[in-house]
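> Chains as they are written, first to last, in our numbering: chain Z, 4 to 115; chain V, 211 to 321.
Hints were generated in silico from the structure; no laboratory data involved. Be a bit skeptical, because a hint or two may be false.
[Unchecked claim] Simulated crosslink set (DSBU-like; lysine-lysine; CA at most 30 Å straight-line):
#1 Z/Lys8 / Z/Lys57
#2 V/Lys219 / Z/Lys102
#3 V/Lys267 / V/Lys281
#4 Z/Lys71 / Z/Lys102
#5 Z/Lys8 / Z/Lys114
#6 V/Lys267 / Z/Lys102
#7 Z/Lys74 / V/Lys267
#8 Z/Lys8 / Z/Lys71
#9 Z/Lys40 / V/Lys267
#10 Z/Lys102 / V/Lys280
#11 Z/Lys8 / V/Lys219
#12 Z/Lys40 / Z/Lys71
#13 Z/Lys102 / V/Lys281
#14 Z/Lys40 / Z/Lys74
#15 Z/Lys57 / Z/Lys40
#16 Z/Lys59 / Z/Lys8
#17 Z/Lys57 / Z/Lys102
#18 Z/Lys74 / Z/Lys102
#19 Z/Lys71 / V/Lys267
#20 V/Lys281 / Z/Lys40
#21 V/Lys280 / V/Lys267
#22 Z/Lys40 / V/Lys219
#23 Z/Lys8 / V/Lys267
[What the hints assert, rightly or not] Quick list of the computed label-pair ranges, beta carbon to beta carbon:
#24 Z/Arg20 / V/Met229: 42 to 48 Å
#25 Z/Ile56 / V/Val222: 46 to 52 Å
#26 Z/Ser15 / V/Ser290: 40 to 46 Å
#27 Z/Gln84 / V/Glu262: 37 to 43 Å
#28 V/Glu262 / Z/Ala98: 20 to 26 Å
Because the structure is a prediction, the values reported are computed rather than measured. Ideal Cβ positions, reconstructed from N, Cα and C, are used throughout, including at glycine.
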Amino acid sequence: DQQVKQNSPSLSVQEGRISILNCDYTNSMFDYFLWYKKYPAEGPTFLISISSIKDKNEDGRFTVFLNKSAKHLSLHIVPSQPGDSAVYFCAASVAGGFKTIFGAGTRLFVKA
Amino acid sequence: NAGVTQTPKFRVLKTGQSMTLLCAQDMNHEYMYWYRQDPGMGLRLIHYSVGEGTTAKGEVPDGYNVSRLKKQNFLLGLESAAPSQTSVYFCASTQGNTEAFFGQGTRLTVV
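Use the sequences and the hints to build the structure in full.
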C-alpha cells in the first residue's frame, strides 16, 4: 500500500519552460512534505519542504504547492535548466514522528 | 565537512554470505535511518534509530539487523544474504522532523 505516490515515472521538458512534478498521498495524518533531488551515483539531497499549515512555499526557481483537501502536492521548477535533470522524490512525514515515507520518484529530463 | 559517509560503496556477495554496512555521521544528529532503493519502488525504510542504543523496524526489516552503539554510527547487517537483497542502500540522518542528509549509497549485488 503506497502512501505516497508519484504516478509519472518520467517527465521531459524543454529548457526554459516550467517543470511540474506531482505527488499524491493517502495518509491524512501526514503534515510535513519534502522534495528531494537525486543525481546518478549520489545520495538524495533536500530541495524544498512545506508544512501542512501552508499551501505554498517558494525558494528561488522552486515552488511547492500543497492541496490538503485533494491530498496532492506539486513541485514547480521555473525556468527549467539542464542541470535540473535528475530523479525527484516526494516524501511525507507526521510531526513528531520518525518515519518519512518516500514516493517512487520521477525522472526529469530537461532538454537544451 | 563529511556529513554522512557510507562504507563500502560497492559490494558483491554470494547467497548466504553475511556483511555489515557502516554509516557514520558527523553532524551530531539524533536520528539515523537505513533505506533501500529499488527500481519503481522509491526509498523504503528498513530500520531506524532515534538515539544511541535504540533501534526500530521500518517498512521492510526482514533479513536485516541494525545496531547503534555510538551516536555517530549506524550499522546495517545482513546475516544470510539473498538475491532479493540486491539493491542500493542509503543511510540518512536527521535532527528532528526535518530534512534528511543522505550518504552516497552502497550498491550491493547478491549472486
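> Would you pick out the hints that fail for this structure and give their numbers low to high?
Violated: none.
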